[in-house]
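J.: Each chain is listed here by its residues.
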Amino acid sequence: MKPRKSYGRFMTVVVMAALLLVTALAPGALAQRGRPTRPPTTPPPPPTQPPPPSYNAADREFVEMMIPHHYQALLMSQMAPARSNNAELRALASRIDVEQGLEISMMQGWQSTNGLPVTNAQMAYEHMLQMPEMLEAMGMATPAEMSALSASSGAAFDRLYLELMIEHHNGAVDMLVHVLSHGQDTNLQFWATDMLTAQSIQIWQMEQMLAEMT
Amino acid sequence: MQTSMHGRKRRPAARAVTALVGALVLMLGIASPAAAQADLEPGEIASSRNLRLVHNIPRTGVSANDIHSDLAFHGDLLIQGTYGGLNFYDISRPLQPKLIQQIACPGGQGDPTVSPDGTLVFMSVDAPRSDSSCNSSSSSAANPDAWEGVRIFDISDLSNPQYVAAVRTDCGSHTHTLVPGETDDVLYLYVSSYGPNANFPNCQPPHDSISIIEVPLDDPASASVIAKPNLFPDGGAPGTAGCHDITVVPELEIAGGACMGEGVLLNISDPTDPYVIERVTDPNFAFWHSATFSNDFSKVIFTDELGGGSAATCREDLYPERGADAIFDIVGEGDDRELVFRSYFKIPRHQTNQENCVAHNGSIIPVDGRDLFVQSWYQGGVSVIDFTDSDNPVEIAWFDRGRLQPQQLGGSWSAYWYNGYIYSSDITQGLDVLRFFGDGDVAQARRIELDHFNAQTQYHIDTNTRGRG
Numbered sequence: 001m002k003p004r005k006s007y008g009r010f011m012t013v014v015v016m017a018a019l020l021l022v023t024a025l026a027p028g029a030l031a032q033r034g035r036p037t038r039p040p041t042t043p044p045p046p047p048t049q050p051p052p053p054s055y056n057a058a059d060r061e062f063v064e065m066m067i068p069h070h071y072q073a074l075l076m077s078q079m080a081p082a083r084s085n086n087a088e089l090r091a092l093a094s095r096i097d098v099e100q101g102l103e104i105s106m107m108q109g110w111q112s113t114n115g116l117p118v119t120n121a122q123m124a125y126e127h128m129l130q131m132p133e134m135l136e137a138m139g140m141a142t143p144a145e146m147s148a149l150s151a152s153s154g155a156a157f158d159r160l161y162l163e164l165m166i167e168h169h170n171g172a173v174d175m176l177v178h179v180l181s182h183g184q185d186t187n188l189q190f191w192a193t194d195m196l197t198a199q200s201i202q203i204w205q206m207e208q209m210l211a212e213m214t
Numbered sequence: 215m216q217t218s219m220h221g222r223k224r225r226p227a228a229r230a231v232t233a234l235v236g237a238l239v240l241m242l243g244i245a246s247p248a249a250a251q252a253d254l255e256p257g258e259i260a261s262s263r264n265l266r267l268v269h270n271i272p273r274t275g276v277s278a279n280d281i282h283s284d285l286a287f288h289g290d291l292l293i294q295g296t297y298g299g300l301n302f303y304d305i306s307r308p309l310q311p312k313l314i315q316q317i318a319c320p321g322g323q324g325d326p327t328v329s330p331d332g333t334l335v336f337m338s339v340d341a342p343r344s345d346s347s348c349n350s351s352s353s354s355a356a357n358p359d360a361w362e363g364v365r366i367f368d369i370s371d372l373s374n375p376q377y378v379a380a381v382r383t384d385c386g387s388h389t390h391t392l393v394p395g396e397t398d399d400v401l402y403l404y405v406s407s408y409g410p411n412a413n414f415p416n417c418q419p420p421h422d423s424i425s426i427i428e429v430p431l432d433d434p435a436s437a438s439v440i441a442k443p444n445l446f447p448d449g450g451a452p453g454t455a456g457c458h459d460i461t462v463v464p465e466l467e468i469a470g471g472a473c474m475g476e477g478v479l480l481n482i483s484d485p486t487d488p489y490v491i492e493r494v495t496d497p498n499f500a501f502w503h504s505a506t507f508s509n510d511f512s513k514v515i516f517t518d519e520l521g522g523g524s525a526a527t528c529r530e531d532l533y534p535e536r537g538a539d540a541i542f543d544i545v546g547e548g549d550d551r552e553l554v555f556r557s558y559f560k561i562p563r564h565q566t567n568q569e570n571c572v573a574h575n576g577s578i579i580p581v582d583g584r585d586l587f588v589q590s591w592y593q594g595g596v597s598v599i600d601f602t603d604s605d606n607p608v609e610i611a612w613f614d615r616g617r618l619q620p621q622q623l624g625g626s627w628s629a630y631w632y633n634g635y636i637y638s639s640d641i642t643q644g645l646d647v648l649r650f651f652g653d654g655d656v657a658q659a660r661r662i663e664l665d666h667f668n669a670q671t672q673y674h675i676d677t678n679t680r681g682r683g
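In order, the protein sequence lines correspond to chains C and S. Heads up: the first sequence at position 149 corresponds to 149 in this note's numbering, and the numbers run straight through without jumps. Heads up, this note's numbering is the position in the second sequence plus 214, with the first residue counted as 1.
Worth flagging that the hints you see were computed from the coordinates, not collected in a lab.
If you only want the chain S side, here are some residues facing chain C, beta carbon under 7 Å, derived:
id, residue
1, Gly322
2, Ser354
3, Ala355
4, Tyr408
5, Met474
6, Pro497
7, Ala500
8, Ser524
9, Ala525
Stretch by stretch, here's where chain S covers chain C in the computed footprint (C-beta under 8 Å, at least three residues):
id, region
10, 96-104
11, 182-190
Pairwise CB distance ranges, derived in the manner of DEER restraints:
id, chain 1, residue 1, chain 2, residue 2, range
12, C, Ser147, S, Val608, 41 to 51 Å
13, C, Ala144, S, Asp605, 42 to 52 Å
14, S, Asp550, C, Arg90, 30 to 40 Å
15, S, Asp550, C, Glu145, 47 to 57 Å
We treat Cβ as the ideally placed atom computed from N, Cα and C, and that holds for glycine.
Please construct the entire structure, taking both the sequences and the accompanying hints into account.
T.: If you want it as structure tokens, here you go:
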């Protein structure tokens, strides 16, 4: 499934040639003699250069999609403190809030470092809410489901939160597997593995919690 | 010598940074920090008075654009891993280290260890490659023919390093730990990796295991995986699937494991058959990342790598117990040892939202009668803490740079004490050499010499320097 791209509000992305971040240099050369460095007596602040562009379309689309996807997880999780009486669920929601909030910033930072337009999480999310097929493909809650979640409380909230978030995480796992299989950006590959680990942990936790409730 | 615990040289107005923060921290429904504190301008360096940068070697040569990662030491040789290979420095004169050799062999993260006799260097590769050669290109975990694992180089003649073996491991090698064998002619590598998924042919679930590579020292080319012990037969804590990093204590035949969802102690009396003897979880921990024991092995510091090293977790009013160190006392003996939580530590200096920052790799500074730990915090810099009182860890020294410009991931990946100096491997700045000053026992520490050092293979360091020249 390839999510449709219809973010007309974003500028045309200047897609730089996707280069590998690290490529073997001289073919056949294993070792190179190091050049002696002239030791500075006081280290001047060295000019920092960003690495050459290293992403491909799969990387770029993953980030564009995952930012609003995470944003919904934040909105859902931020409902928990006022609606849930379950300490374990509130702790999990707080964890998701913290981690995915940080990850949104990380991903926006990645876009910025790579010279890509930075996705506005809220705007992209609201745009996505109007595309039911995309929501379904990504395991996201529909506007009706979000309203139902907001209107619920106590055990009913807990159950609905878990059901929606499990679906949400499963959608994320699909997207992560996709970028791990088709992307090439070094940093994203490592992040995606970490996110895959964290979200798989949470799916397991949530299924346990749900099983205990029924 | 005066020590200052936390201080800022200047506190410039946060004007431009606030604007940047406003642009980047977008309407998350969480209140952004009212004013992002910019403690240092880009390019500025600051430190406490008792920790000084004495030398920097920028990235250069074949790894000039690669992320620089972890360190290992043998005699006067410093080995630095990068995502593009290995750097070798002569540190016989620590104030003027020299880059003397580089190996170009891409595949992150480049976690290195060195054999006790100094002839072999091991390098972790956790990025699926087209093949095991140094000419490989990037591949994907979905490719059944992709290679990731541990590379073995013979550096007996450093002017002509030899790539002698490539050992593939399931899910690659994110980190590895050198474990001495029961005889001198063999050693083992505990390979830690994670991220299993049904779609990845060489990284299938459940992967609650580590891979153990046996390296015959007279024939390293024949190194191979001899065991894949399942450390968590019951599945472990939620989603624990293997470990992130393991630190072994050969003298006590135990190890500490940071295994994403939990921290563990292991019995390694048979190094080929480790097993878990104690497990702890913590609701504040997102990602159990590494373990370091105190010099007398009565305590262990676990680190939480919230955000994977790429997130700005050192923000002013947020998360003091997340992305931090957790200090545990070890009580009991043998397989009945238990981990008792004591306290958290996180650096008190807040970093900007553009600076990735979280607890990362460090090592013990051997000072008689005290528990000191030097540690990297990415763009949070380098920090030295005194955790002699497990309940009240205190920072006693620090070093920091202003945020990188343009914004990018960076900072100190590892900071270790070795033979009187602190060496910090910086993701974008290359290699920093720092001098830690103090009087009394701290000054004595500068005279202690190790003959080699791998951070995850801990030995008790004799702090009695009386009589040494």
